[in-house]
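A.B. asks: Sequence:
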Amino acid sequence: MCPVCLASAAPVIAGAASGGAALALVVKKLRENHRKGENTMETIATTPPKVVSREEWREARKALLVEEKEFTRRRDELTAYSADRDRWVRDRDQRFR
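Counting in the working numbering, the sequence shown runs from 1 upward without gaps.
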């Protein structure tokens, strides 16, 4: 799957897969590199991870959890909207014939 396709599918995958946060970070990196015109897969594979202090990691983790909660809340709203849409008044008889 190309990086752009993967980036488009990220919200669905992130919500359904465990480790969605890690996937979201990878997708973010793929998008950034794709915009720069870099070879995305080689860049991710050869770029060493940034080393940070425990406090910096905790702050970043807390920020990520806030984003994940917001994403989950928005996804739940969309699911409720979709379910409710099926109950709207219909113009004609919808029975099978």
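It cannot be assumed that every hint is accurate.
Unchecked claim - With a straight-line cut-off of 27 Å between C-alpha atoms, the simulated DSSO-like cross-links for lysine-lysine are:
(1) K28 with K62
(2) K50 with K36
(3) K69 with K50
(4) K62 with K29
(5) K62 with K50
(6) K69 with K28
(7) K29 with K50
(8) K28 with K50
(9) K29 with K69
To be clear, the hints were calculated from the coordinates, so they are not data collected in a lab.
A.B. asks: Output the indices of the hints that this structure fails to meet, ascending.
C.D. replies: Going through the list in order, the structure violates no hint and respects every one.
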